[in-house]
Structure formats: structure tokens, C-alpha cells
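A.B. asks: Position one of the sequence shown corresponds to residue 1 (the UniProt record's numbering), numbered consecutively onward.
If you're looking for bench data, these hints aren't it; they were derived computationally from the structure. Quantities reported herein were computed from a predicted structural model and do not represent experimental measurements. Beta carbons: idealized from backbone N, C-alpha and C, even for Gly. Incorrect hints may have been included.
[Claimed, not checked] With beta-carbon atoms standing in for the labels, derived distance ranges: (1) 245 to 217: 25 to 35 Å; (2) 97 to 51: 43 to 53 Å; (3) 15 to 49: 13 to 23 Å; (4) 210 to 89: 32 to 42 Å; (5) 5 to 47: 27 to 37 Å; (6) 64 to 198: 23 to 33 Å.
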Amino acid sequence: MNDATCQTGFTHRGYRCLCSEGFHGEDCEEDIDECDIGTYSCSDVSDCINTKGSYSCTCKQGYEGDGWNCSVKLVSTCKEIYDYNISLNGNRDYLLNIGSEMIPVYCHMDNKGLGENGECEGGGWTLVMKTDGTKMTFHYDSQLWSNNESFNAHDGTTGFDTLETKLPTYWSTPFSKICLGMKINTQLNFISIDRPSNSLHALVADGQYRNIMLGRDKWKKLVGSQASLQHNCNKDGFNVFGTDYGHSRTRIGILGNNEDDCRYCDSRIGFGAGGAHDNSNTCGNEVRYGGDNGDKHLKTMGYILVQ
Numbered sequence: 001m002n003d004a005t006c007q008t009g010f011t012h013r014g015y016r017c018l019c020s021e022g023f024h025g026e027d028c029e030e031d032i033d034e035c036d037i038g039t040y041s042c043s044d045v046s047d048c049i050n051t052k053g054s055y056s057c058t059c060k061q062g063y064e065g066d067g068w069n070c071s072v073k074l075v076s077t078c079k080e081i082y083d084y085n086i087s088l089n090g091n092r093d094y095l096l097n098i099g100s101e102m103i104p105v106y107c108h109m110d111n112k113g114l115g116e117n118g119e120c121e122g123g124g125w126t127l128v129m130k131t132d133g134t135k136m137t138f139h140y141d142s143q144l145w146s147n148n149e150s151f152n153a154h155d156g157t158t159g160f161d162t163l164e165t166k167l168p169t170y171w172s173t174p175f176s177k178i179c180l181g182m183k184i185n186t187q188l189n190f191i192s193i194d195r196p197s198n199s200l201h202a203l204v205a206d207g208q209y210r211n212i213m214l215g216r217d218k219w220k221k222l223v224g225s226q227a228s229l230q231h232n233c234n235k236d237g238f239n240v241f242g243t244d245y246g247h248s249r250t251r252i253g254i255l256g257n258n259e260d261d262c263r264y265c266d267s268r269i270g271f272g273a274g275g276a277h278d279n280s281n282t283c284g285n286e287v288r289y290g291g292d293n294g295d296k297h298l299k300t301m302g303y304i305l306v307q
């Protein structure tokens, strides 16, 4: 039985069985569960699976290898780390495999998500950009929106501070959701966008308008109680501009107008902004002429993450 060797004599039965490896019992009928008794040699980060006469080893989720030797699986997004539960250690920078390089990137791992009411749900948000509305770095016309070049990548390891950055995740990271955040003083607000894409670069770099249709009320939540927009136009999305290019425009956001069209837009909430009436307000809320909460010139820190 079970490839045992039978020898004549030796016992009162007139024979004995020499069991092959993995079996025991008088007639070698019982399988040895190596996983249960601990005589297996799997990796510490693999699972032992008992089989008839032997066992197999399978690397745990988040690891790869033959089961006897397992190493951390190379991941390219924070969501993978979150889903695989690979060395999770809070909201901080993790090494992501982007292209052929291992790059430290800030990951937001809190399962409560981002925002006072979890507007950006769950953990595993990958940082893409941090923009300062008081600076011209990420103005609408900046080449940083169209090229594949990092900016201050070393500042992409921290959270929601005032350090500007553009990471390779801008052109290399696919996603199904975008999380947008704006901070005025200590007030930090978030909204989310369901918009699958191969990268944020794919949605923005070519300058083509792509609508989102979130609605003005949701965009105003980014700014909070101070938010203001003119009542008309309400054109939102990526690469948003009116008929008159010199007026308000924004790479990601919404435009408003006091006239019943989108020609001379005098208000905006957005990231990568420019134009009238304050061309230096590159991230935040700019309004003149009939905003629903008055004129505003609010320059904010902006945060863009994907999941």
C-alpha cells in the first residue's frame, strides 16, 4: 500500500511493511500530515498544504516564489500594498516598482479613507501631486502637466504638507478613482472622482477637454464654507477652459460665469489654474462678478491621489 516495501517475517503477522516517505501505520495506510506536526520546510511567509504522502508550499498573498523561497512581491501602487497587507505600517512612504525603479511614494493607508466623512473611501491611495496655489510651478500653462518629468520627487514621501511635488505616478500609475484635496490654513477637504484611466497624464497632458459632471456643489466642498462660484456655465472636468482662453481655466476643476455661456468665465475652483482674474492663483478658488458667496481670491494647497 502506498508504495510500501513488504518484508517476510519479522512480526507475528509473518511480514512487515517499510513505509515510503510520507506514510506510516502497520500497513502504511496513514498519511503523515507534515504541516500539522511541523516537519515541513516551507518559507516563513508561505502556507503549508498537506498532500497525500507529501506537502506543498505556497507563498502568502503579497509574496512570490516557489513556496520554499518567497520574497516580497513587487508592487506599483499603494492599493496593492493595502490589499495584500504587505508590511503595512500606517500612512507613510512605501517603495513602489515604477518602471524599472523602486521609488518611495507617500501612501494613505487608513481604512477610514480621506475626508471628514470618508469622501475618498478606503485605504491604498497613491500620491501623484502636491501643488501650492501661491506658486506658478503648476500653472495651467506649465509643461509639468504635459511631460513625463518628476518635480521634487523627494518631497513625494510626505503627507499633506506645503511641499510641492510631481511623482512618476503621474504618468505610470493606472487607477479607477481620483482623490482631490484642498487645504486652506488648517482646513483640509476632499472629494473623489470615479474615472478609470491608465494614468492622470493620459487625462490631462494632451490638453483635450474631458468632462466629469460632478456638479458645482461637490466642487465647492473642496473649499468649504468660503467657496464661491458664479451661477452659470458650470463646465467641469479635465483641461477646462472657456471660449475666451484668457479668462479662467483649470487643468482639473470647474468654471463659472455670470453670463449664460462659458465664454468669459470669471470664476473657478481647480488645480493647475490660470487666467482672469488672478493669473497667479494656480490652485484654489477665484471669483469675480456675481459669485454665489461673493468675490474670492483663495489660494490653497492641492493634493492629488489615485486608487
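A.B. asks: Each hint needs a verdict: does it hold in this structure or not?
C.D. replies: We went through each hint and held it up to the structure:
At about 27 Å, the beta-carbon gap between residue 245 and residue 217 stays in the expected band of 25 to 35 Å. The hinted range of 43 to 53 Å is not satisfied by residue 97 and residue 51, whose Cβ atoms lie roughly 33 Å apart. Between residue 15 and residue 49 the CB atoms are about 34 Å apart, so this pair departs from the stated range of 13 to 23 Å. Checked against the hint of 32 to 42 Å, the pair residue 210 and residue 89 passes, with Cβ atoms roughly 36 Å apart.
For the pair residue 5 and residue 47, the supplied restraint of 27 to 37 Å holds, since their beta-carbon distance comes to about 32 Å. The hinted range of 23 to 33 Å is satisfied by residue 64 and residue 198, whose Cβ atoms lie roughly 24 Å apart.
The earlier numbered hints that this structure contradicts are 2 and 3.
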